[in-house]
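> Read off the chains here:
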Amino acid sequence: MNYFFHLLIFFNLYLILALSLNLIVGYCGLLTLAHAGYFAVGAYTYALATLKLGLGFFPALGLGMGVAVILSFAVSLPAWRFRGDFFVMLTLAVQTLIFSLCQNWFSPQAELGTWSNLTNGPLGISGVPKPAILGSSFATIGSIAGLSSVLAVLVGLIIWILVRSPWGRLLRAIRDDELAARSLGKNSRLVKVQAFMIACSLAAVSGAIYCSYVTYIEPSAASIDESILLLSMVLVGGVGNFRGPVIGAFILLAIPELLRLAQLPDSTAAHIRLLAYGGLLVLMARFRPQGLAGEYRLE
Amino acid sequence: MQILINGLISGATIALLALAFASVYLPTRVFHIALAGVFAGAPYVVWIFGQNGWPWSAGVAVALLAGIALSFACELFNHGPLDRKKAGQGLHLVSSLGLYIVIVQIVALAWGNEVKVLRQGIDSICTLFGVVVTRSQLLAALVSSVAMLGFYSWLRFSNLGLQFRALADNPTQLALFGYNTRRLRLLAFALAGLLAALSSLLTAFDVGFDPQGGLHALILAIVAVIIGGRDTFLGPVIAGFLLGLVRTQVAWHLSARWQDAVTFGLLVMFLFFLPNGLLGRKARLEAQA
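Going down the list, the sequences are from chains L and H.
In the numbering used here, each number is its position in the first sequence, counted from 1, plus 812.
In the numbering used here, each number is its position in the second sequence, counted from 1, plus 48.
Since the hints were made in silico from the structure, they are not lab data.
Don't be surprised by glycine CBs; every beta carbon is placed ideally from N, CA and C.
One should not assume that every hint holds.
[Claimed, not checked] Label pairs and their computed distance ranges (CB to CB):
# : chain 1 : residue 1 : chain 2 : residue 2 : range
1 : L       : F816      : H       : E162      : 17 to 25 angstroms
2 : L       : G866      : H       : G256      : 43 to 51 angstroms
3 : H       : G256      : L       : P1068     : 26 to 34 angstroms
4 : L       : A1066     : H       : H301      : 32 to 40 angstroms
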């Protein structure tokens, strides 16, 4: 049963990430490699807020979202001017800067959480408390699974409403023909900034849940490999509608479990899992540019 | 002086890889990330030759050929067909990313994740004009300078080089004049494979190698291409040397930990204030295809 709960929690985490990334990739038509960075921002902020400020689950979550919203300007303002390869490189730059900060903003002498040692560097932050809401602690794996499911459903609902609203339609219009949308008097810059704000803050939600479940966070969560994995997850599943990312998140979870059935040694299985991802990505680009269940064909 | 020379030498391998990336990116606009797979895989060929006691010169030759073949295959089986389907930049990028993951995971499955070295023992050093350099640094500087000079003279003086520059300038018009652009594209990928394998071997001989190192090296090279300007073959090399100099200065004055942050800070500055790069033509971004 614990194994099932564990899978459920990770499915919820991936689901939130995939749905939020879909807002950028599928609805803005921009490839970003910075999403794992925002996941890490949420996780680190949650860890520091609970450990150092003694905040509860929701205030710490909110703080993480707030920081991610502010940092989202780092990718949304360049999106005004850049598309295509240039934008990918810019998000890569943002990703690398976030990773550098997580990895390097520390000194061995200073205490964790002070100005000279904010992230504890490569050692990571351990001993993050389990989620606590209104004094009651969610210490068991089952309760965390329930909490993460509630949050995932909530996030899904928000995105469901958003992409069906006039706002979502405007986003799609700008993706397909920005000039035409602007000639109709739509403010394309504002909408892009809003979309990035929402997507990045939701990635931070996923980071906070992850951090509270594993009780540990270290810089590799913000590494470029994680971003590549996230991007391939949504692209394999498909972008531009609601069910594509859901299927993508499910596949990301299903492949390692299928490999477990094949009884491979762990080190081999990890490589084969990534191999399967790379292969799927190549096949997808070649034969089905909209992904398994997506709507938007990548160009 | 010592730091300056070190910077130039580390810049040389970045510049070589940047040239490899540019030789695909300029003519075809394919974001050839799979080149990082070539970079990661090539040293293993030499390493296998070394393990079996076969001559290392043959190993180097086979490694370079393997690099060419791998990059060639990327175009033949993936980017060529994609291009015929009129795929855009994003699709090429995603598919190349997939190829990179596949290549690196196969390399890691076959030979493991740990760092390996090509040379035994510590490096011998020599002093030239009061500057201390290791033998492998000297080798890297010499070989990459010769390779870059060779590439530029080929580009400048041969008929094929002229066609190649024309392909980078306007592929449609070149095809209209009756030249076989598909063959030239294959040539571009093969050249990129050769230069990347060369750069990879030089780096591996100096500091060792592991399967994951390719992406980081390639990203630096891509930064060099963008800083240098993406419609000139000379820009990436100049920017590669510039990056080498900046990175060694950062390592000397601050700490090696901040090298990447400063590199990407530089990239962001260039994108905002000089988006066409050091040697790029002045044009609005939207005006470019």
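> Against this structure, judge whether each hint is valid.
Status of each hint after checking the structure:
1. L/F816 with H/E162: 17 to 25 angstroms: About 35 angstroms separates the Cβ atoms of L/F816 and H/E162, which means 17 to 25 angstroms is violated.
2. L/G866 with H/G256: 43 to 51 angstroms: 46 angstroms, holds
3. H/G256 with L/P1068: 26 to 34 angstroms: 30 angstroms, holds
4. L/A1066 with H/H301: 32 to 40 angstroms: 49 angstroms, violated
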